[in-house]
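Peer 1: Listed below, chain by chain, are the residues.
2 protein chains.
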Amino acid sequence: MAGEHDVRPGEVAVALPEATDAGLIFIGRIHTPWTTRREAPHQGSPDGPLCRIEVFDPWLPALAGLDRHERIEVFYWLHRSRRDLVTQCRASDGIARGTFSLRTPVRPNPIGTSIVQLVGIEGCVVLVRGLDCLDGTPLLDLKPDRKPAPPAPLPSGAG
Amino acid sequence: MAGEHDVRPGEVAVALPEATDAGLIFIGRIHTPWTTRREAPHQGSPDGPLCRIEVFDPWLPALAGLDRHERIEVFYWLHRSRRDLVTQCRASDGIARGTFSLRTPVRPNPIGTSIVQLVGIEGCVVLVRGLDCLDGTPLLDLKPDRKPAPPAPLPSGAG
Numbered sequence: 000m001a002g003e004h005d006v007r008p009g010e011v012a013v014a015l016p017e018a019t020d021a022g023l024i025f026i027g028r029i030h031t032p033w034t035t036r037r038e039a040p041h042q043g044s045p046d047g048p049l050c051r052i053e054v055f056d057p058w059l060p061a062l063a064g065l066d067r068h069e070r071i072e073v074f075y076w077l078h079r080s081r082r083d084l085v086t087q088c089r090a091s092d093g094i095a096r097g098t099f100s101l102r103t104p105v106r107p108n109p110i111g112t113s114i115v116q117l118v119g120i121e122g123c124v125v126l127v128r129g130l131d132c133l134d135g136t137p138l139l140d141l142k143p144d145r146k147p148a149p150p151a152p153l154p155s156g157a158g
Numbered sequence: 000m001a002g003e004h005d006v007r008p009g010e011v012a013v014a015l016p017e018a019t020d021a022g023l024i025f026i027g028r029i030h031t032p033w034t035t036r037r038e039a040p041h042q043g044s045p046d047g048p049l050c051r052i053e054v055f056d057p058w059l060p061a062l063a064g065l066d067r068h069e070r071i072e073v074f075y076w077l078h079r080s081r082r083d084l085v086t087q088c089r090a091s092d093g094i095a096r097g098t099f100s101l102r103t104p105v106r107p108n109p110i111g112t113s114i115v116q117l118v119g120i121e122g123c124v125v126l127v128r129g130l131d132c133l134d135g136t137p138l139l140d141l142k143p144d145r146k147p148a149p150p151a152p153l154p155s156g157a158g
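These protein sequence lines map, in sequence, to chains L and C. Residue numbering for the first sequence follows numbering that gives the first Met the number 0, starting at 0 and increasing by one per position. Residue numbering for the second sequence follows numbering that gives the first Met the number 0, starting at 0 and increasing by one per position.
You may find that some hints are simply not true.
[What the hints assert, rightly or not] Calculated Cβ distances over 10 Å to all of chain L for the following chain C residues:
(1) Val-6
(2) His-30
(3) Pro-32
(4) Thr-35
(5) Arg-37
(6) Glu-53
(7) Arg-81
(8) Arg-89
(9) Arg-96
[Unchecked claim] Covered stretches of chain L (chain C as the covering partner; in silico rule of three or more C-beta atoms under 8 Å from a C-beta of chain C):
(10) 4 to 11
(11) 27 to 37
(12) 53 to 62
(13) 104 to 113
[As the list claims (entries may be wrong)] Only part of the chain L face toward chain C is listed, based on derived beta-carbon distances under 8 Å:
(14) Arg-67
(15) Gly-122
(16) Cys-123
By construction, these hints were calculated from the structure, which means they are not laboratory data. C-beta: ideal position from N, C-alpha, C; glycine also.
Given only the sequences and the hints, what does the whole structure look like? Please build it.
Peer 2: Okay, here's the thing in structure tokens:
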């Protein structure tokens, strides 16, 4: 359960349940230029480096039609993250914050998502720009980006 | 592995691996008005019904500071979905499409996400609008919505 993140003063770790409730299948592997969190960007950019998402058998037929989408959402498993912190401190300010108020990789279910630009598909490899995860990250899913949400309603009395 | 989705003509199912690669912890439960996919909206709306996200122990301290965010991302496990289809057909048109080109709940790792409006937090319950999942859906994670991505670069020669 240890990871690259050591517990800092003010952070709280809890005991994880002994059993898990559902199982994930790694359906591919993501290739990026970054091997440590220190090197990786905090959030990917559409003009970031070209990254390769390798899709494993038997999932290749599931790529059909994905190339019609300019922006796709990539789901991956942050396999190096510890999972037991309920509060976390940034090294920069030392203030404790709840894990759910942060987009840090350290969380009970370390699932990462990025919205990326689809550059092309070559066989089992999906080429994209906009990732921020480490080289070798296990792939969980690919989806077209969601349609834009309708605007939020005005607060009552505001109109 | 069966679910509410029966295999239609043109759809392709594959054999799932016998072992899984990582385990998920259900950290709460989502309460919505919908008990079947037929009733539920395809995509949630910020003026949709108020829904209750119940967070289990020991994860309550992880909510600290979440109330400073107007829009949050909810991750959940689509527990009634089959996982073995690589191509799928909408009932409406019968055209086979790759699973990764769709946002259907039927996928190898049936993780759903919604961007919702945070209405309030009362103890272990997070009140939101904008969900589309079924009543009783297991909760996987809560995060602040991501910052808007910078605009995509212009195609070369377009400027």
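Peer 1: The structure should be examined with respect to each hint, and the outcome stated for every one.
Peer 2: Checked hints:
no., hint, result
1, Val-6, "14 Å, holds"
2, His-30, "18 Å, holds"
3, Pro-32, "18 Å, holds"
4, Thr-35, "21 Å, holds"
5, Arg-37, "21 Å, holds"
6, Glu-53, "13 Å, holds"
7, Arg-81, "13 Å, holds"
8, Arg-89, "12 Å, holds"
9, Arg-96, "5 Å, violated"
10, 4 to 11, "violated (count 1)"
11, 27 to 37, "violated (count 0)"
12, 53 to 62, "holds (count 6)"
13, 104 to 113, "holds (count 5)"
14, Arg-67, "7 Å, holds"
15, Gly-122, "14 Å, violated"
16, Cys-123, "12 Å, violated"
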